[in-house]
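Protein chains: 2
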Amino acid sequence: MQVTELVEQWQNLGDDTRMDAFRALDREDAEVFFASLPARDSGDFLLLLPTVERRTWMRLMPPDDAADMLQEVDPEDRAALLSLLDEVNRKEVAVLLAYAEDDAGGLMSTRYARTRPDLRVDEALLYLRRQAKEHLETIYYVYVLDSEQHLLGAVSLRQLFSAAADASVRDVMQDAVVSVREDADQEVVSKLFRHYGFLAIPVVDFEGHMKGIVTMDDIVDVVDEEATEDAQKFGGMEALDAPYLDVGFWEMFRKRAGWLSVLFLGEMLTASAMGHFEDEIAKAVVLALFVPLIISSGGNSGSQASTLVIRAMALNELRLRDFAKVARREMAAGLALGVLLATIGMIRILVWQQVFGGYGAFPGRVALTVGTSLVGVVMFGTLTGSMLPLLLRKLGFDPASASAPFVATLVDVTGLVIYFTAAKVFLGGHLL
Amino acid sequence: MQVTELVEQWQNLGDDTRMDAFRALDREDAEVFFASLPARDSGDFLLLLPTVERRTWMRLMPPDDAADMLQEVDPEDRAALLSLLDEVNRKEVAVLLAYAEDDAGGLMSTRYARTRPDLRVDEALLYLRRQAKEHLETIYYVYVLDSEQHLLGAVSLRQLFSAAADASVRDVMQDAVVSVREDADQEVVSKLFRHYGFLAIPVVDFEGHMKGIVTMDDIVDVVDEEATEDAQKFGGMEALDAPYLDVGFWEMFRKRAGWLSVLFLGEMLTASAMGHFEDEIAKAVVLALFVPLIISSGGNSGSQASTLVIRAMALNELRLRDFAKVARREMAAGLALGVLLATIGMIRILVWQQVFGGYGAFPGRVALTVGTSLVGVVMFGTLTGSMLPLLLRKLGFDPASASAPFVATLVDVTGLVIYFTAAKVFLGGHLL
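Read top to bottom, the protein sequences are chains B and D. With this note's numbering, letter number 175 in the first sequence gets 178, and the count goes up by one each step, no holes. With this note's numbering, letter number 277 in the second sequence gets 280, and the count goes up by one each step, no holes.
Derived by calculation from the structure, the hints in this document are not laboratory data. Treat the numbers as computed from the prediction; the structure is a model and nothing was measured. Hints may contain errors.
No distinction is drawn between identical chains; accordingly, a pair holds when it is met within one copy or between any pair of copies.
[Claimed, not checked] No more than 27 Å apart at the CA atoms, straight line, and that leaves these computed lysine-lysine pairs for DSSO-like:
| id | residue 1 | residue 2 |
| --- | --- | --- |
| 1 | K286 | K427 |
| 2 | K258 | K328 |
| 3 | K397 | K328 |
Could you build all of it, start to finish, from the sequences and the hints given here?
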């Protein structure tokens with residue numbers, strides 16, 4: 004099995020097959036394999052190895068990766084694995100473990116290249132060459148620190164490389180460096196990377212002391228993670244926080260059952276609403292026939308609108324203050340889409356009546372009821388779907404919770420009220 | 004206004020405000036600003052400038068960014084902007100424009116650092132220092148090419164930096180280099196970056212000639228883009244391919260109206276299905292009351308299942324061959340979730356009947372009908388939602404098209420059939 008394949012298939016293999024495939028790799032491939040394994044899998048892998056080998060591989064891990072890995076394993080295994088490190092590394096990893104996993108501090112590595120502002124460029128390069136022998140995360144950005152570890156500036160290896168040998172680091176460095184606080188959320192960090200396209204961003208404490216760097220490769224994982232969380236919330240459930248096949252059956256049940264029950268309880272209001280119109284249904288059973296069509300149209304248009312707004316907010320394309328602009332736009336879109344569906348729906352009813360019959364004595368009025376309701380329901384769905392994520396953000400919740408099922412549930416009850424009200428207007432005195 | 008703020012707010016500002024804010028920046032900030040603008044905005048920005056300035060800024064753009072920008076502007080502006088470049092750059096940009104935007108070739112930059120295998124390390128560093136004066140995308144990976152531009156290997160600046168000065172490049176370089184073909188899809192490229200965490204990946208043609216490099220910062224955009232496309236498809240519409248506020252009203256209408264109409268036509272089958280059970284509804288109007296509750300439960304559980312499977316497939320956590328495993332798991336989850344909702348639903352009906360009445364002479368049998376249908380509908384929804392993305396992939400379609408609204412529509416008709424069949428079983432001879 005090739006390295007890539009082994010990394011991808013790791014989740015799906017039994018322990019014996021895993022070990023056989025791993026043993027078949029030569030040393031160089033084995034190292035690539037180990038470095039490519041996600042944090043979750045590298046813990047499993049280490050625990051499969053005999054203790055002596057475990058120590059060797061564990062010590063190959065950069066401290067930030069080791070901390071990520073340890074956060075994924077069971078607490079009892081964590082202590083055992085941590086004890087395999089030498090003292091310096093153990094301390095470093097322990098510091099990283101103290102940060103929340105989703106903070107800049109939890110993402111960062113403490114192995115960055117550093118220099119002093121008063122060195123000459125050739126001295127800085129020499130010092131850097133010495134640091135390059137350590138396991139640095141990157142040597143491509145060199146951070147300029149004073150004797151108290153305050154971050155003064157940064158200089159890229161590229162800049163050092165093309166500067167005059169006798170210039171001072173202070174003259175070459177950029178002194179306006181974008182940095183993040185150690186307690187910044189990973190979403191903030193990933194937005195900075197998106198904006199600037201840096202390879203690394205330094206992490207500082209509230210006094211400006213340099214604590215570490217976050218590198219771009221950690222951020223691709225964060226972007227994936229955030230998109231998955233948003234997608235799962237949008238699908239109407241709690242975020243799983245782990246690969247689908249890794250999550251235990253009952254944990255997954257719990258994460259799905261919560262929202263599903265809440266939505267179910269909300270949807271029960273439709274039974275109450277329908278109960279309110281029981282007499283109308285009894286008089287004109289034809290009305291019941293279009294109930295699923297009406298409410299699903301509201302749900303579908305709401306789902307479109309909330310997807311658009313949630314995603315635009317995730318990518319910073321929309322702010323709270325765009326509220327009115329979005330509302331105007333979605334009202335107009337809802338009207339146009341509603342008129343379209345109403346036209347299709349009314350044609351369908353009139354043609355069906357010609358061919359098969361069955362819609363009673365007033366097919367024109369039934370068509371008018373359905374058509375008018377569709378315009379109302381689609382407009383209401385579109386507006387609810389687009390405003391809800393903005394409202395949730397305003398109230399401090401995650402906009403992605405304005406899920407397709409949540410919006411649909413909200414729209415269903417209103418849809419029924421709109422529909423039966425339209426029925427009273429157009430069919431009152433005829434069927435009702 | 005600060006640079007970051009100006010970049011973020013660009014979309015929301017009028018032309019005059021844009022220019023005023025830009026003119027207020029000092030030269031250094033202005034360059035950071037220009038480099039941080041997304042491709043779409045930098046075209047707008049250039050077109051705002053007087054021609055002389057336009058030329059200066061245009062020439063600051065690396066060819067891959069210039070090509071991305073040109074792909075976003077109107078065809079007539081494209082030619083005008085392209086003509087501002089000097090001949091060498093114009094040719095380079097024209098080559099990049101010929102690639103599909105979503106291919107490796109469309110993402111790549113032609114400005115990479117190169118060396119020959121037979122140079123000594125100190126010679127290579129000297130040659131590299133000369134190349135560093137050009138606008139290279141990165142000097143951190145140096146690609147080793149023979150005289151015919153075949154890619155032989157790669158060496159990082161870090162490796163060169165810590166190697167002995169008199170070693171040959173051939174001895175220091177890695178000869179097994181991960182590369183992509185120029186016609187590889189950007190999704191393939193982004194998966195490689197995810198697996199290996201490289202800063203750059205070389206792009207080759209089918210004969211192994213080096214064509215360019217794709218860098219990590221291009222990939223963060225790709226990851227975002229793919230997640231947005233998937234989210235929009237999942238929300239039941241065509242992918243917009245542009246920021247929400249940038250898309251013209253009628254284009255957005257078109258992208259939403261297509262799927263909405265298709266779903267509406269599909270949902271019309273519910274009217275036919277309900278028509279089929281018109282007699283039952285007429286006899287037992289109480290049955291109509293629970294129709295929205297039953298079908299929405301199927302839709303919601305289907306939406307959860309399809310989100311999980313689509314996202315797991317996007318992240319490569321699931322393959323087609325996991326089909327049976329997913330089916331078993333989702334059947335079990337559907338059963339457990341169905342029993343949960345059935346329990347809540349039956350309790351609701353029996354309690355309501357005690358307190359308010361209104362469910363007729365056989366509330367126990369009504370509750371049994373609703374409960375049994377809920378188990379059936381939720382199981383069917385879960386199974387459909389989880390299998391549909393796998394089936395779509397199998398047939399060569401995008402799994403993300405198994406959207407919440409699409410699954411809901413599929414499940415609605417079946418849900419009605421399950422419900423009214425259960426009604427005949429439990430209420431036959433009583434209400435029916």
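Verification of the hints:
| no. | hint | in the structure |
| --- | --- | --- |
| 1 | K286 <-> K427 | both (12 Å within a copy, 22 Å between copies) |
| 2 | K258 <-> K328 | between (35 Å within a copy, 20 Å between copies) |
| 3 | K397 <-> K328 | within (16 Å within a copy, 41 Å between copies) |
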